[in-house]
Amino acid sequence: MKFQGLDNQIFLKLPEGVSINLIPAGITVRSCAYLYDFLIRTTIVAVVAFCFQLFGKAGVGLSLIVYFVIAWGYYIFFEAKDGRTPGKKKFKLKVVQDNGLPATLNHIIIRNLLRPADSFPFAYALGIITMACGKEFKRIGDWCGGTIVIYEENFVHTEIESGSEISAPEILLSTEEQQVIIAFAERSSTLSSQRQAELANILSKVLNVADESANEKLQQMARFYVGQDI
Amino acid sequence: MKQNQFVYINNERWQIFENDCADFQNPLPVEFAKNYRRICNDLSIARTRHYSPSLIDKLNNFVRLGQGRLYQGEGFKLRSLLNLFRQTFIQSLHENRFYLWAALVSFWGLAIISYVWVIVEPNAVYLFLDIDSVKKLETMYDPAGSVQSESRGTDSDVLMFGIYIYNNIGIAFQMFGGGALFCVGALIPLLFNSFYFGAVTAHIVNLGYQDNFFSFVITHGSFELTAIIIAGAAGCKIGYSLLNPGQYSRGYAIKQAGKSVLPLIVGAFIMLVIAAVIEAFWSPLDIPSLFKYVTGAICWFYVLSVLYKGMRYGYN
Chain A
1 MKFQGLDNQI FLKLPEGVSI NLIPAGITVR SCAYLYDFLI RTTIVAVVAF
51 CFQLFGKAGV GLSLIVYFVI AWGYYIFFEA KDGRTPGKKK FKLKVVQDNG
101 LPATLNHIII RNLLRPADSF PFAYALGIIT MACGKEFKRI GDWCGGTIVI
151 YEENFVHTEI ESGSEISAPE ILLSTEEQQV IIAFAERSST LSSQRQAELA
201 NILSKVLNVA DESANEKLQQ MARFYVGQDI
Chain B
1 MKQNQFVYIN NERWQIFEND CADFQNPLPV EFAKNYRRIC NDLSIARTRH
51 YSPSLIDKLN NFVRLGQGRL YQGEGFKLRS LLNLFRQTFI QSLHENRFYL
101 WAALVSFWGL AIISYVWVIV EPNAVYLFLD IDSVKKLETM YDPAGSVQSE
151 SRGTDSDVLM FGIYIYNNIG IAFQMFGGGA LFCVGALIPL LFNSFYFGAV
201 TAHIVNLGYQ DNFFSFVITH GSFELTAIII AGAAGCKIGY SLLNPGQYSR
251 GYAIKQAGKS VLPLIVGAFI MLVIAAVIEA FWSPLDIPSL FKYVTGAICW
301 FYVLSVLYKG MRYGYN
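Those sequence lines, one after another, are chains A and B.
So for the first sequence, the working numbering puts the first residue at 1; every next one is plus one.
So for the second sequence, the working numbering puts the first residue at 1; every next one is plus one.
Among the hints, erroneous ones may be present.
In silico DSS-like pairs for lysine-lysine, Cα to Cα no more than 25 angstroms straight-line [said to hold, decoys possible]:
id, chain 1, residue 1, chain 2, residue 2
1, B, K309, B, K259
2, A, K13, B, K309
3, A, K135, B, K259
Hints in this document: simulated from the structure, not taken from any laboratory.
This structure is a prediction, so every number in the text was calculated from the model and none was measured.
Could you put the whole structure together from the sequences, leaning on the hints where they help?
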């Protein structure tokens with residue numbers, strides 16, 4: 001499959017003989033998820049440390065253990081469970097293997113134990129540089145563990161509004177041109193009517209109509225191409 | 001076939017498939033794999049027939065959900081961690097024996113060098129440690145006003161346990177992760193610790209506190225020092241795979257290295273937990289040193305025999 005310019009999709013070949021597309025998550029959204037997780041971790045540690053300080057020396061020891069478990073185990077536990085920490089869940093991200101399959105415990109452990117390398121020398125500087133160097137936004141831990149972080153939901157289902165009018169186009173269009181018109185009709189529910197007319201106006205010379213009626217004409221052509229009411 | 005007709009024929013099947021994917025409670029129906037392959041087929045048909053992006057996206061999403069469900073991991077279970085250790089640790093020792101030998105030789109070699117150095121030239125200890133830490137060590141192992149041998153309360157045992165877990169395992173993980181930085185992050189702590197260890201031992205021997213010191217460190221030292229060496233070797237392998245990926249690309253080489261050293265770091269983690277338990281609850285006990293030497297000898301024998309057999313033969 002060809003890459004479609006702006007959206008950063010990767011196409012993975014499956015053993016089933018078909019390729020699927022995934023959208024790897026970039027630096028900003030992953031940083032947001034990290035900060036969200038960081039907030040949760042800090043809160044838990046603070047609360048636990050506050051409770052345990054009532055127990056004197058033993059309490060300090062126990063809160064150190066809790067701190068250790070949360071610092072290293074938080075990511076491993078949640079990501080091994082279903083690939084999502086609370087922060088990643090909030091931003092609709094997911095860790096998967098770089099062949100698109102769900103990540104297993106082994107991948108997750110390696111991915112997270114390499115955080116010291118990524119956070120060298122401070123604030124994940126090296127990890128961010130490494131992420132910026134590739135299309136799949138892998139940090140060092142992702143390279144070593146063989147994982148990527150992807151957007152979980154890239155699917156917005158839109159349908160062409162069914163109308164009574166269908167018109168066979170008077171001009172012959174190539175397959176790709178037909179696809180563009182179908183895509184326009186599918187997207188039109190997310191656009192304002194002025195914007196729809198504006199976009200349709202680009203073709204006004206070919207269609208011999210302008211503004212609202214050009215838009216209407218395109219919608220009718222799209223319905224024809226997808227084969228409504230056959 | 002026009003798109004709408006295609007959707008009309010298959011829609012019911014897609015609905016059923018989507019419900020199967022969403023239903024995480026029940027086991028998968030028998031025909032799930034077959035349905036999944038049919039969905040894959042639908043997706044490739046939709047692509048070749050140039051159906052609309054929306055339909056392709058929809059089918060793409062079905063395939064993603066389906067494979068997520070079909071190849072689902074088993075989640076986080078301590079048992080699988082333990083199984084990983086039990087089944088592959090020894091094998092991984094054999095696989096990475098050259099790194100382990102290198103780490104063992106450099107750790108113990110440098111420790112011996114610094115030991116001899118401080119024995120010959122007692123003031124050299126101040127090259128490795130500042131005066132305050134030396135004083136602290138002296139009071140710690142002083143037989144007269146001993147902090148260590150008097151029976152401590154349980155609460156300070158727990159405190160020390162927390163410190164050992166947090167500190168020692170943290171260092172091991174840092175070494176493992178830092179090793180990816182072309183070995184530097186693993187080698188520096190490993191070599192620094194070996195110098196430190198040798199110098200401290202020699203200094204204690206110079207002062208004549210050795211009975212107190214050795215009876216304290218001998219038992220947990222077996223697990224702790226070996227685990228630190230293993231973690232360092234594991235980190236070095238990752239870094240070295242980046243420096244010298246051989247016939248693979250660097251991306252592939254680091255992935256393979258990670259896979260091969262994972263059992264080592266899990267093993268080191270388990271050994272360090274054992275060491276922390278011993279160090280916090282057994283080593284400070286106020287009992288005759290002989291008991292400690294005997295258990296220490298048993299522990300060393302066990303650890304070394306597993307290590308040797310693993311590295312030499314790859315089985316236990």
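Outcome of the hint check:
no.	hint	verdict
1	B:K309 - B:K259	holds (22 angstroms)
2	A:K13 - B:K309	violated (42 angstroms)
3	A:K135 - B:K259	holds (23 angstroms)
Hint check: a violation occurs at hint 2 only; the rest are consistent with the structure.
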